[in-house]
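The listed protein sequences derive, respectively, from chains A and B. Its first residue numbered 1, the first sequence is counted upward by one per residue in this note's numbering. Its first residue numbered 1, the second sequence is counted upward by one per residue in this note's numbering.
Among the hints, erroneous ones may be present.
Any copy, or any two copies together, can satisfy a pair, since identical chains are not distinguished.
Here are the simulated DSS-like cross-link-like pairs (lysine-lysine), alpha carbons at most 30 Å apart as the crow flies [stated by the list, open to error]:
1. Lys122 x Lys44
2. Lys44 x Lys215
3. Lys145 x Lys122
4. Lys122 x Lys2
5. Lys166 x Lys37
6. Lys37 x Lys215
7. Lys2 x Lys218
8. Lys79 x Lys122
9. Lys215 x Lys79
10. Lys218 x Lys145
11. Lys2 x Lys88
12. Lys166 x Lys215
13. Lys218 x Lys88
14. Lys43 x Lys122
15. Lys122 x Lys218
None of these hints come from the bench; they were simulated from the model.
2 protein chains.
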Amino acid sequence: MKIGILGTGEVGNLLGTRLIENGHRVMMGGRESNNPKGLDFVKKHSSENASYGTFAEASAFGEIIFNATNGRFALAALKLADTDFAGKIIIDVANPLDFTTTPPTLISEFANTNSIGESIQKQYPEAKVVKTLNTFGMVLGVNPKQLNNGDHSIFMSGNDESAKAKTKGLLAEFGWRIENIIDIGDITGARAMELYLILAVRMKILFGASIFNVKVIKS
Amino acid sequence: MKIGILGTGEVGNLLGTRLIENGHRVMMGGRESNNPKGLDFVKKHSSENASYGTFAEASAFGEIIFNATNGRFALAALKLADTDFAGKIIIDVANPLDFTTTPPTLISEFANTNSIGESIQKQYPEAKVVKTLNTFGMVLGVNPKQLNNGDHSIFMSGNDESAKAKTKGLLAEFGWRIENIIDIGDITGARAMELYLILAVRMKILFGASIFNVKVIKS
Chain A
1 MKIGILGTGE VGNLLGTRLI ENGHRVMMGG RESNNPKGLD FVKKHSSENA SYGTFAEASA
61 FGEIIFNATN GRFALAALKL ADTDFAGKII IDVANPLDFT TTPPTLISEF ANTNSIGESI
121 QKQYPEAKVV KTLNTFGMVL GVNPKQLNNG DHSIFMSGND ESAKAKTKGL LAEFGWRIEN
181 IIDIGDITGA RAMELYLILA VRMKILFGAS IFNVKVIKS
Chain B
1 MKIGILGTGE VGNLLGTRLI ENGHRVMMGG RESNNPKGLD FVKKHSSENA SYGTFAEASA
61 FGEIIFNATN GRFALAALKL ADTDFAGKII IDVANPLDFT TTPPTLISEF ANTNSIGESI
121 QKQYPEAKVV KTLNTFGMVL GVNPKQLNNG DHSIFMSGND ESAKAKTKGL LAEFGWRIEN
181 IIDIGDITGA RAMELYLILA VRMKILFGAS IFNVKVIKS
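With the sequences and hints as input, model every part of the structure.
So this is what it looks like as structure tokens:
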């Protein structure tokens, strides 16, 4: 599958590397066409499946687009792609964390009555936005089997069922068990998944270098 | 131990009943001294360990006070107790959920940069506020062994270590395993535990009548 990844940071790199391992064609996108981190990504993989371009080029390339930009700037970054993303799946993994406060908080415009996922869906009504992969470190997200033999939970929300089904396919390739992918409904579920982060941040402070996640258990 | 429970609803009843089973002396407190639900609680138990009084009487009675009032009115309800709760442990199990919105949200004054737990601590600086037992239905909270043989997680936060230790003791009597009680730090952790509720509500909608909770898994 042709996949665009918007964002050249650690999250974008982890996603891109894993997707290439799984046989996909990945174009990483950044603000400038000569971003050293983007060019390094291509060099590292030395594969025809790895390429780099601007946000606009990566957005045009992908059938599926990952939003792996910094949550604070995600909406503005997507605008640089200069497209309406019509018919495309945008998998939003961004988080609205504000680490300038003590304790960390959520960026107020995305807290409680809004979320990054919903904001992207509103900005691009013809796109199919799926929120997922945001409730743990991405090192675990792209390789869930390193914890509890892969038996822990991942959440998902979005308005389009076919987009969620395709996203589940990519997650299964990462190693997620289908029964552990919890679809909490439409894109307003992104609020729930972003609000949860504050608890995840507290646990991160407590657990230090440990890899962790939650497993939902029900009767 | 002498325990006051502020609130005569289902949560107060579940807590009171379980605490009496565990040998504690419980005074349930309500707004009026002749509240039928409070008098029913006493009648149901027909035990010298069960009593009922006003918020003020229950607050004077207990060494430990459970705040089991409706989150929306918790601060105002506590004021009716007409005490500073100096030196007392207040175990706050209340939640700031607003079900008048679709989807449900958090009451804005308690969301992201505040919480019910912190607000109580601010209102009563000489009290020892512990937030816990708020992240699942109280039917499960007072009897965790009915799910996964009791192997799932409960969070706790508060500024006073001895108050948290005593609270852990009560939780252990309920059936919680000590290793599953996750202390996420000072009372600002109440934010994290209250924000998580929106995710719990989404799961409740999805899972229907199932009893559920999360188990934290770490490497």
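Structure-based check of each hint:
no.	hint	result
1	Lys122 x Lys44	neither (36 Å within a copy, 53 Å between copies)
2	Lys44 x Lys215	neither (34 Å within a copy, 38 Å between copies)
3	Lys145 x Lys122	neither (34 Å within a copy, 44 Å between copies)
4	Lys122 x Lys2	within (24 Å within a copy, 54 Å between copies)
5	Lys166 x Lys37	within (28 Å within a copy, 52 Å between copies)
6	Lys37 x Lys215	neither (34 Å within a copy, 37 Å between copies)
7	Lys2 x Lys218	neither (37 Å within a copy, 34 Å between copies)
8	Lys79 x Lys122	within (13 Å within a copy, 43 Å between copies)
9	Lys215 x Lys79	neither (36 Å within a copy, 39 Å between copies)
10	Lys218 x Lys145	both (21 Å within a copy, 12 Å between copies)
11	Lys2 x Lys88	within (11 Å within a copy, 61 Å between copies)
12	Lys166 x Lys215	both (23 Å within a copy, 28 Å between copies)
13	Lys218 x Lys88	neither (34 Å within a copy, 35 Å between copies)
14	Lys43 x Lys122	neither (36 Å within a copy, 55 Å between copies)
15	Lys122 x Lys218	neither (33 Å within a copy, 36 Å between copies)
Checked against the numbered hints above, the structure violates hints 1, 2, 3, 6, 7, 9, 13, 14 and 15; every other hint is satisfied.
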